[in-house]
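Chemist: Chain residues, written in single-letter form:
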Amino acid sequence: KTQTGTLNWGTDPTYQPFEYADAANKPTGFDVELMEAIAAKMGRTSNLTSEAFDGLLLALEGKKFDAVCAAMTITPLREKEVSFSIPYYRSDMGIMYNPAKNNITKPEDLVGKTVGVQVGTTGEIDAKLITGVKVNSYPDIQLATQDLENGRIDAVVNDYPVCTAYASTHPTLKVIDTTSIAGQDLTQLYGIAVRKDDTQLKSDIDAALRKVVADGTYATLYRKYFFADPPYLPK
Amino acid sequence: MIKWSIIFDNLPFLLAGAWTTLTLTVASMIFATVAGLLVGLLNMFGGKVIGAITRVYIEAIRGTPALLLILIVYYALPRIGLNLPQFPAAVVSLAVCYAAYIAEVFRAAVESIPKGQSEAAFSLGMNRAQALRHVILPQTFRRVLPPLANEFAALIKDTSLVSVIAMQDLLFNAKIIGARTANFLSPLIGAALIYLIMTTPVMQWSRNLEKKVE
Amino acid sequence: MIKWSIIFDNLPFLLAGAWTTLTLTVASMIFATVAGLLVGLLNMFGGKVIGAITRVYIEAIRGTPALLLILIVYYALPRIGLNLPQFPAAVVSLAVCYAAYIAEVFRAAVESIPKGQSEAAFSLGMNRAQALRHVILPQTFRRVLPPLANEFAALIKDTSLVSVIAMQDLLFNAKIIGARTANFLSPLIGAALIYLIMTTPVMQWSRNLEKKVE
Amino acid sequence: MLVVDDLHKSFGSLEVIKGVSFDMDFKERLVLMGPSGSGKSTLVRCINWIEPPSAGRITFDGKLVEPGKCDIRRLREDIGMVFQQFNVFPHLTALQNVALGPIVVKKTARKAAEVEAMELLAKVGLSHRADHKPGQMSGGEQQRVAIARALAMHPKLMLFDEPTSSIDVELIHEVLDVMVRLADEGMTMIVVTHEMGFAKEVADRVIFMDQGLIIESGSPSEVFEHPQQERTLSFLSKVLLA
Amino acid sequence: MLVVDDLHKSFGSLEVIKGVSFDMDFKERLVLMGPSGSGKSTLVRCINWIEPPSAGRITFDGKLVEPGKCDIRRLREDIGMVFQQFNVFPHLTALQNVALGPIVVKKTARKAAEVEAMELLAKVGLSHRADHKPGQMSGGEQQRVAIARALAMHPKLMLFDEPTSSIDVELIHEVLDVMVRLADEGMTMIVVTHEMGFAKEVADRVIFMDQGLIIESGSPSEVFEHPQQERTLSFLSKVLLA
Ligand SMILES: Nc1ncnc2c1ncn2[C@@H]1O[C@H](COP(=O)(O)OP(=O)(O)OP(=O)(O)O)[C@@H](O)[C@H]1O
Ligand SMILES: Nc1ncnc2c1ncn2[C@@H]1O[C@H](COP(=O)(O)OP(=O)(O)OP(=O)(O)O)[C@@H](O)[C@H]1O
Ligand SMILES: [Mg+2]
Ligand SMILES: [Mg+2]
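These protein sequence lines are chains A, B, C, D and E, in that order. Residues 1 to 235 in the numbering used here are what the first sequence lists, from first letter to last. Residues 1 to 214 in the numbering used here are what the second sequence lists, from first letter to last. Residues 1 to 214 in the numbering used here are what the third sequence lists, from first letter to last. Residues 1 to 242 in the numbering used here are what the fourth sequence lists, from first letter to last. Residues 1 to 242 in the numbering used here are what the fifth sequence lists, from first letter to last.
The hints are simulated quantities; they were obtained by calculation from the structure and are not laboratory data. All C-beta atoms in this analysis are idealised placements derived from N, C-alpha and C, irrespective of residue type, glycine included. Treat the hints with caution; some may be incorrect.
[As the list claims (entries may be wrong)] Below, a list of computed lysine-lysine pairs in the BS3-like style, where the Cα atoms sit at most 25 Å apart:
no.	chain 1	residue 1	chain 2	residue 2
1	A	Lys-26	B	Lys-3
2	A	Lys-80	C	Lys-3
3	A	Lys-174	A	Lys-113
4	A	Lys-196	C	Lys-3
5	D	Lys-200	B	Lys-115
6	E	Lys-200	E	Lys-63
7	D	Lys-238	E	Lys-238
8	C	Lys-3	B	Lys-211
9	E	Lys-200	E	Lys-27
10	E	Lys-133	D	Lys-200
11	D	Lys-107	D	Lys-133
12	C	Lys-115	E	Lys-63
13	E	Lys-63	D	Lys-238
14	C	Lys-211	C	Lys-115
15	A	Lys-41	A	Lys-196
16	D	Lys-238	E	Lys-200
17	A	Lys-41	A	Lys-224
18	B	Lys-212	C	Lys-115
19	A	Lys-224	A	Lys-211
20	C	Lys-48	B	Lys-115
21	D	Lys-111	D	Lys-123
22	E	Lys-238	D	Lys-123
23	C	Lys-115	E	Lys-106
24	C	Lys-212	B	Lys-115
25	C	Lys-211	E	Lys-133
26	A	Lys-80	A	Lys-63
27	E	Lys-156	E	Lys-238
28	C	Lys-48	B	Lys-211
29	A	Lys-196	A	Lys-174
30	C	Lys-115	C	Lys-48
31	C	Lys-212	E	Lys-133
32	C	Lys-211	B	Lys-48
33	B	Lys-115	D	Lys-106
34	D	Lys-133	B	Lys-212
35	A	Lys-63	C	Lys-3
36	B	Lys-211	B	Lys-115
37	D	Lys-133	B	Lys-211
[To be verified] Calculated Cβ distances over 10 Å to all of chain B for the following chain A residues:
no.	residue
38	Thr-14
39	Tyr-20
40	Ala-23
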């Protein structure tokens, strides 16, 4: 049920810098502030519910909330279940590794190695594109990173900005930027997911997102979380 | 290895999670106990068909991982039109799960009353319902408390499964702190200690009650 | 609501997960039983200091959610130099967890032997070790089987927690199928049925053994 | 008042009562003896249908006992039973134990039931124990509460199944005293016991059972002093020697 | 051979034996009687230190029993004990029950121990039961296995704690017969029992206990026929009446 007063949306707040708990342990991040801005443009208040990443779309379908904004890549498979807003972010794939143990400069270096990914992410799908890689799927990206530091795995494949955010607090780790694996373009576009039958909400969100871009809020947020000017603007 | 400062600095956040854990446990326990008593009585005295249905329910629940059950209940409820908010949905899924265990607790307690007790009641001319109400159940309640307390402690622990699907309980918050501070172990140890503070007295109480019953 | 075709089409994948679940359970159970016997005996007969240490271990484990323990063991062991590959690490963390439960199973079994048995052994001039070896333990083993079988069933279920350490067990594979087919409920139901097929005979066996012991 | 006719009882394939017939009059006192496993308890429990017989007929107080046709619960109101293990209700005081039957089954007012319960407790010498729970009582006291509890239903027949064999040797007489007094007052009763003194003093008839059959029956002096059967003799000699 | 001197035993704050002294000679047969809770079992269990006394001295076979100084386990080898609840080992056959003590404690060769165990089983009339486990035996048979098990250690003194009071009334004589034969062979023994017949036939001395003290002691005829104490008289009258 869509409540008019609030925009109920779900995310998995274990994904720095998109959604995570700040020092006061309040959920924050690029997605969180973006959704607040979008909700404001829609004349609503943002109401966030936490959910494990691989259960997000299920919960959306179960109407536990009405939208999902969780650094979620728009894929054809997901588009079969839900509608996405216009893309609000473009990302490359990052490969995070421990330079003391491995030297990885390109995706092909992962052959014969064990790679950690978060279950249900595009990172998981992409890592499996390389033949000869053993993929370990973790319920959240912290656990994968933890195991990378423990040395059980050789690399973590995940969205590039997330990897860099992580490496900034884990100086032993390094990240390389990847745009293609096995000839496949890895550039990803993130979207806000809504239920297929919720066409009104989709168009409302699209309109609000365009307004957020138009008035410069988007660029401000981007600089705040990614320390650069946005290379891509939603349209 | 363990940074106590991380635990200490984030104690309010951990305690907020613990509060969720506790309210969730208490609410679920209440529903599970009522449902468990009902299911247990129906299973023992409800006749063949109802007895068989409740038996299947009890055995299916007891044979399946709680995590899986919670996922099923949690995600299936909306499909049958029960679109509950997060907290009530979690309560329902835990209660559905624990009612089966608690039904067995009640059954075991009733069966532990010596046969001579109901025979004595029958020999006075009581019927089944009278014997149950005046002789068996009053004796059952004392025996049921220790295992119920045990189920309560188990439920405190099993609420951690809800972190996997949705709720910001103690374990979930510990993981969030882990993510933010890049120190995974310390908040988990902190959470473990808080779980112990919640479960140990309950388990000890259960043991004391058990000794008293004997 | 439940699409049986999804379960059927993905049965090999589910069964592969079930195989992981099963091998993990068996391997963990072996280690947990050996460790549990050891911890139980040390707790009962190891003297004051060792008795207290093992008691703290047992109580700490029993009071903390298994999910949390597995996270701690799995992610903390490498920091103390125990950098095991995934499967052995999962076995170790489950065994560490279940050893505590199994130690209590052994303790309960030893305590259930009537005091008169050890008194009779002492009255023949046996010392503690001889009484334990020739009189108490042989009687314990029969009594220990039903609860051990129960722990085995519980372990089958608790292996579902290892999806948090990236093991592709039955539940994990079910969730993957759910993500791929956009139908969560069906593969979860399929997994539940497979869990039941694994746990129900074990629990039934445990009950039969229990009746025999009585 | 009681006619047992060709009674049979099997547990699964094990036939425990193999055709027992006897009848007894109002105010008669019958003592049942026999080796362990001979079926004494089973026979007694068949009489008030706590163990439904497999075959045979029981007539009580002129009426044929047939489940479905007559009300087994009414029958049980008329037959009091005292068990070897007392089976007093541990959660109730002595007074509540005695008053429960009338209150629940006969729907007697609580006040009236408790007044009568006090009288019955006085009769079995337990006035001072009215507010105690069974856990605080000796075996002899518990068994006397059980007797008072049965009497509270005003039974026409009392069944006693080894009422003294779970009681400390020096407390047995307390219970036997109460039973002797009951007999003196004219209560009809069937008593399974190996207390020879009681049997000699009280019994109108002694029935000796072996392997599910009555093998001997007669007055105490007939059975104890001139047993007809080898088996009776050997049993008696063992019990007396012990 | 046994001197018990001012023995005390407390459980927590409850003093159960309040200063008991007696001594007995080789081949003497002593019967202990007294009401429930008077401390008979506790006294007997103190003698072989299964219940360590709180105070007092026990001298056995000329040696003062002091833990630390003498070997309590050696003492126990010399003192056989038979329990009310039999306490036979349920996982072993009758033969293994009897042979276990010698094999484990005396390190006797299995073969030799089993040969002697067979002889002892024959002595208690159980040759045909050698390969049966206790679960398949009657109470009387189990208790006879327990006696044979104690005898296998060649004890100098046998303690019996109400050996017949958990046994069906018609099987009691089996056990008493064995005990009478043992006495006839000259075994030194202390028997807690309320079997008057056995006491009269076998006892050299009857000791009567009440509330943790010996209140009367003498030959069976002295104690049974001319008790000096009120308490003894009242107890005996109750037991005999029962
Ligand atoms: N509920 C039951 N199920 C199966 N067998 C039973 C049951 N009750 C009694 N029996 C068997 O029936 C036989 C007779 O038992 P019963 O208790 O009537 O004997 P008893 O003469 O009262 O013996 P005792 O003196 O030991 O009380 C025994 O072999 C007993 O094992
Ligand atoms: N292990 C124990 N702990 C506490 N109290 C005990 C213990 N053993 C015996 N007692 C108490 O000591 C007293 C004497 O008990 P004991 O068993 O020696 O008496 P008894 O003369 O053998 O009685 P009975 O004829 O009932 O066997 C009783 O009050 C009993 O409750
Ligand atoms: Mg009987
Ligand atoms: Mg005693």
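Chemist: Now look at each hint and say whether the structure bears it out.
Modeler: Hints and how they fare:
The hinted pair formed by Lys-26/A and Lys-3/B meets the criterion: a straight-line CA distance of about 22 Å does not exceed 25 Å. Taking the CA atoms of Lys-80/A and Lys-3/C, the gap is near 17 Å; set against the 25 Å cutoff, the hint holds. For the suggested pair Lys-174/A and Lys-113/A, the alpha carbons sit about 16 Å apart, so the restraint of at most 25 Å is met. About 21 Å separates the Cα atoms of Lys-196/A and Lys-3/C, which keeps this hinted pair within 25 Å; it holds.
Between the alpha carbons of Lys-200/D and Lys-115/B the distance comes to roughly 33 Å, so the proposed pair goes past 25 Å and is violated. Among the hinted pairs, Lys-200/E with Lys-63/E is inconsistent with the structure: their alpha-carbon atoms are about 31 Å apart, more than 25 Å. Restraint check: the Cα-Cα separation between Lys-238/D and Lys-238/E comes to about 22 Å, which is no more than 25 Å; the hinted pair holds. For the hint linking Lys-3/C to Lys-211/B, the alpha-carbon distance of about 51 Å lies beyond 25 Å, and the restraint is violated.
Taking the CA atoms of Lys-200/E and Lys-27/E, the gap is about 17 Å. The hint holds against a cut of 25 Å. Between Lys-133/E and Lys-200/D, the direct Cα distance comes to roughly 40 Å. Violation of the 25 Å bound is thereby established for this hinted pair. Only pairs whose Cα atoms come within 25 Å are accepted, and Lys-107/D paired with Lys-133/D is accepted, the gap being roughly 23 Å. Between the alpha carbons of Lys-115/C and Lys-63/E the distance comes to roughly 29 Å, so the proposed pair goes past 25 Å and is violated.
For the suggested pair Lys-63/E and Lys-238/D, the alpha carbons sit about 42 Å apart, so the restraint of at most 25 Å is broken. Proximity of Lys-211/C to Lys-115/C is assessed by CA-CA distance (about 22 Å); at most 25 Å being required, the pair is judged to hold. With a C-alpha separation of about 22 Å, the suggested pairing of Lys-41/A with Lys-196/A holds against the 25 Å cut-off. With a CA separation close to 17 Å, the supplied pair Lys-238/D and Lys-200/E stays within the 25 Å bound.
A distance of roughly 20 Å separates the Cα atoms of Lys-41/A and Lys-224/A; the hinted pair therefore holds under the 25 Å criterion. Annotation: proposed proximity of Lys-212/B to Lys-115/C holds, straight-line Cα distance about 20 Å (limit 25 Å). This hinted pair checks out: Lys-224/A and Lys-211/A have alpha carbons roughly 19 Å apart, not beyond 25 Å. Distance hint between Lys-48/C and Lys-115/B is unfulfilled; the C-alpha atoms sit about 42 Å from each other, more than 25 Å.
A hinted pair counts as satisfied when its Cα atoms are at most 25 Å apart, and Lys-111/D with Lys-123/D qualifies at roughly 19 Å. Between Lys-238/E and Lys-123/D, the direct Cα distance comes to roughly 20 Å. Compliance with the 25 Å bound is thereby established for this hinted pair. Our distance criterion of 25 Å between C-alpha atoms is met by Lys-115/C and Lys-106/E, whose separation comes to about 23 Å. A threshold of 25 Å between alpha carbons decides the hint, and for Lys-212/C with Lys-115/B the separation of about 20 Å falls inside it, so the pair holds.
Straight-line distance between C-alpha atoms of Lys-211/C and Lys-133/E comes to about 19 Å, which keeps the hinted pair within the 25 Å bound. Between Lys-80/A and Lys-63/A the alpha-carbon distance is near 17 Å, which keeps this suggested pair within the 25 Å criterion. Distance restraint check for Lys-156/E and Lys-238/E: the Cα-Cα separation of roughly 34 Å exceeds the 25 Å cut-off, and the hinted pair is therefore not satisfied. Distance hint between Lys-48/C and Lys-211/B is fulfilled; the C-alpha atoms sit about 23 Å from each other, no more than 25 Å.
Restraint check: the Cα-Cα separation between Lys-196/A and Lys-174/A comes to about 39 Å, which exceeds 25 Å; the hinted pair is violated. Annotation: proposed proximity of Lys-115/C to Lys-48/C holds, straight-line Cα distance about 21 Å (limit 25 Å). With a CA separation close to 15 Å, the supplied pair Lys-212/C and Lys-133/E stays within the 25 Å bound. Of the supplied pair hints, the one linking Lys-211/C and Lys-48/B holds, its CA atoms being roughly 23 Å apart against a limit of 25 Å.
Between Lys-115/B and Lys-106/D the alpha-carbon distance is near 23 Å, which keeps this suggested pair within the 25 Å criterion. Of the pairs offered as hints, the one joining Lys-133/D and Lys-212/B holds, with about 15 Å between alpha carbons and a cut-off of 25 Å not exceeded. Proposed proximity of Lys-63/A and Lys-3/C is supported: the alpha carbons are some 21 Å apart, at most 25 Å. For the hint linking Lys-211/B to Lys-115/B, the alpha-carbon distance of about 22 Å falls within 25 Å, and the restraint holds.
Taken as a hint, the Lys-133/D and Lys-211/B pair is honoured in the structure, with Cα atoms around 19 Å apart against an allowance of 25 Å. Not every beta carbon of chain B lies more than 10 Å from that of Thr-14/A, the smallest distance being close to 5 Å; the non-interface claim is violated. Residue placement check: Tyr-20/A does not keep its beta carbon more than 10 Å from all beta carbons of chain B (closest about 6 Å). Residue-level check failed: Ala-23/A sits 7 Å from the nearest beta carbon of chain B, not beyond 10 Å.
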